[in-house]
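Those protein sequences? They're chains A and B, same order as listed. Residue numbers 12 to 285, in the working numbering, belong to the letters of the first sequence in order. Residue numbers 12 to 285, in the working numbering, belong to the letters of the second sequence in order.
Where hints are given, some of them may not hold.
Same chains, same names: a pair is fine if it fits in one copy or spans any two.
Stated by the list, open to error - DSS-like mimics (lysine-lysine), calculated; alpha carbons at most 30 Å apart, straight line:
| # | residue 1 | residue 2 |
| --- | --- | --- |
| 1 | Lys-174 | Lys-38 |
| 2 | Lys-192 | Lys-284 |
| 3 | Lys-266 | Lys-135 |
| 4 | Lys-192 | Lys-266 |
| 5 | Lys-259 | Lys-174 |
| 6 | Lys-264 | Lys-38 |
| 7 | Lys-185 | Lys-135 |
| 8 | Lys-135 | Lys-38 |
Calculated from the structure, these hints are not laboratory results.
2 protein chains.
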Amino acid sequence: MRGVMDFLTRHGRTYQVLSYMPSHMSKSLEFLRGMRVRDVIVFGPLVEPCEIHHPSIVVRKDPESSRNVDAFLADWEQTALLLQGMTLYATDYQFPRPVSGGVQRGLIRMGIDLDDFLRRTIRKINDAGMGPVAVTYWSGNEDQMVPELIQSHEHILPINYRKNRYAAGRQLGKELIQLQKRNPIRTAFFGNDRLAAGIIAELVENGVRVPEDIAVIGFGNDDAGSCFRVPLSTFDSEIPQNALEAAKAIIEKKKLPEETHTEYHFVQRNSFKF
Amino acid sequence: MRGVMDFLTRHGRTYQVLSYMPSHMSKSLEFLRGMRVRDVIVFGPLVEPCEIHHPSIVVRKDPESSRNVDAFLADWEQTALLLQGMTLYATDYQFPRPVSGGVQRGLIRMGIDLDDFLRRTIRKINDAGMGPVAVTYWSGNEDQMVPELIQSHEHILPINYRKNRYAAGRQLGKELIQLQKRNPIRTAFFGNDRLAAGIIAELVENGVRVPEDIAVIGFGNDDAGSCFRVPLSTFDSEIPQNALEAAKAIIEKKKLPEETHTEYHFVQRNSFKF
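Bound-form chain A, shown alone (with noise of 0.2 Å):
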């Protein structure tokens, strides 16, 4: 984010920076269009719904639920009428596109088929005999994995949100030992280098090796890989250039293509090798 605010300072273009509800979008584009705000990149993941691609995301299970989901459909109807005189840049887009199409105008999508990357990801692991692997909910269809690509349930760990994400990655190390007793892994992967970080050091400070024993792999290529306590590999997410280009394309008033497939490259260092 910091690169692209340095850019755009740098070609002269004043810019908000704001935090917005996922679920919520339209209220922050209605906002944003009230300050004449024409152009917006969003940093985090998007997903349109699509109950064929993206069903976990408008599960229906209880009153509650069905009403979270009418009132996110509701947002991404109220998004699609905004971007007819807006242009929203989504620089972590959760490909496939719904089988509607999704919006029809104003959204440039820019990102990654996360389930179709995960399949080819742990398969990659389990041929280089680095499995089993222990993963968490992270494109909602797992489950589905169990057990061609992951070997049990047991090791689909959830992940607690309400710490910060250092400590939430100690918690699953501590789980991860216990489950070790049971059913054994031999790596685990759950999409977030701080996730990664914490892991590893619950881990090494209770004595199991990493990667000897448990080899980890991050997500995201933070700054701090190769600082913490083992090196980290992960995977560059190429978020931050999609964002540049994003950036680029609205100063040069260049048009970018409404999909740009992007492709996630692994960083080796010390806690996994292929």
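Since chain A is already given, all that's left is putting chain B on it; use the hints.
Below, chain B alone, put in the same frame as chain A:
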């Protein structure tokens, strides 16, 4: 910041998160006034101009810096005017207040006298037999601490702010290894956990033991602290608590004292021990 946002949301208060330039505070305040915002919490460091107490920020060494100082002083005059109708909570205010008393209305000062904190801390490190200490320009008065507290001007190293903090820390680590050959130091204290993490990684990877050969102290008590190559000893800055105090006062319509002097607490892990 997350804690403050959660707190405000729980109490049904809307808010906007805004980035700002410390030297152009009045522009952000004007913008917020246009949105009818009354209460502003500033998370970054805030320093009021004063030739006596903060000479380094009003130094005129060439025409350009002179223009910048003029702009900075004008910005503060405008800020003082705007604060007749708004309240600014400075959660990391740099004491002491200006000799003139500074802004008379609307500024809630919560912070510490950094120069005093640094002198006390470096003295304590020296008294514990853990000197000489390498530092950077932080309060701006470090040169005056030579030789009483800092052995030599060579022990004051500038930080490369163009790099991310971890990378800048690694660069400092390299410089410390060179410095060690001609003018040994015992402790590195650069006022930032990320810098410290980079320094530690660079030292350890080059065979310098932490804390046995060089001890390292961070600042800020980042969530990552215990997960770095060597668990990081640091100071808890209490700035997040100040921000939460400010948010509580706003919600409860409670008037905070005009000045709150906070203290930094040492968090002892492995990288430095008193």
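Okay, the hints, checked on the actual structure:
1. With identical chains, the CA atoms of Lys-174 and Lys-38 are at most 30 Å apart within one copy only, with a shortest distance of 27 Å there and 36 Å across copies.
2. In this assembly of identical chains, Lys-192 and Lys-284 lie within 30 Å of each other by CA distance solely inside one copy; the values are 24 Å within and 36 Å between copies.
3. For the identical chains of this complex, Lys-266 and Lys-135 are neighbours neither inside a copy (36 Å) nor across copies (59 Å), given an alpha-carbon limit of 30 Å.
4. For the homomeric pair Lys-192 and Lys-266, neither the shortest alpha-carbon distance inside one copy (55 Å) nor that between copies (55 Å) is at most 30 Å.
5. In this homomeric assembly, Lys-259 and Lys-174 come within 30 Å of each other (Cα to Cα) only across copies, at 21 Å, whereas the closest approach inside a single copy is 36 Å.
6. In this assembly of identical chains, Lys-264 and Lys-38 lie within 30 Å of each other by CA distance both inside one copy and across copies; the values are 26 Å within and 27 Å between.
7. Within a single copy, Lys-185 and Lys-135 get their C-alpha atoms as close as 26 Å, which meets the 30 Å cut-off; across copies the closest is 37 Å, which misses it.
8. In this assembly of identical chains, the alpha carbons of Lys-135 and Lys-38 never lie at most 30 Å apart, being 41 Å within a copy and 52 Å across copies at closest.
Figure legend: structure checked against the earlier numbered hints; hints not met, in rising order: 3, 4 and 8.
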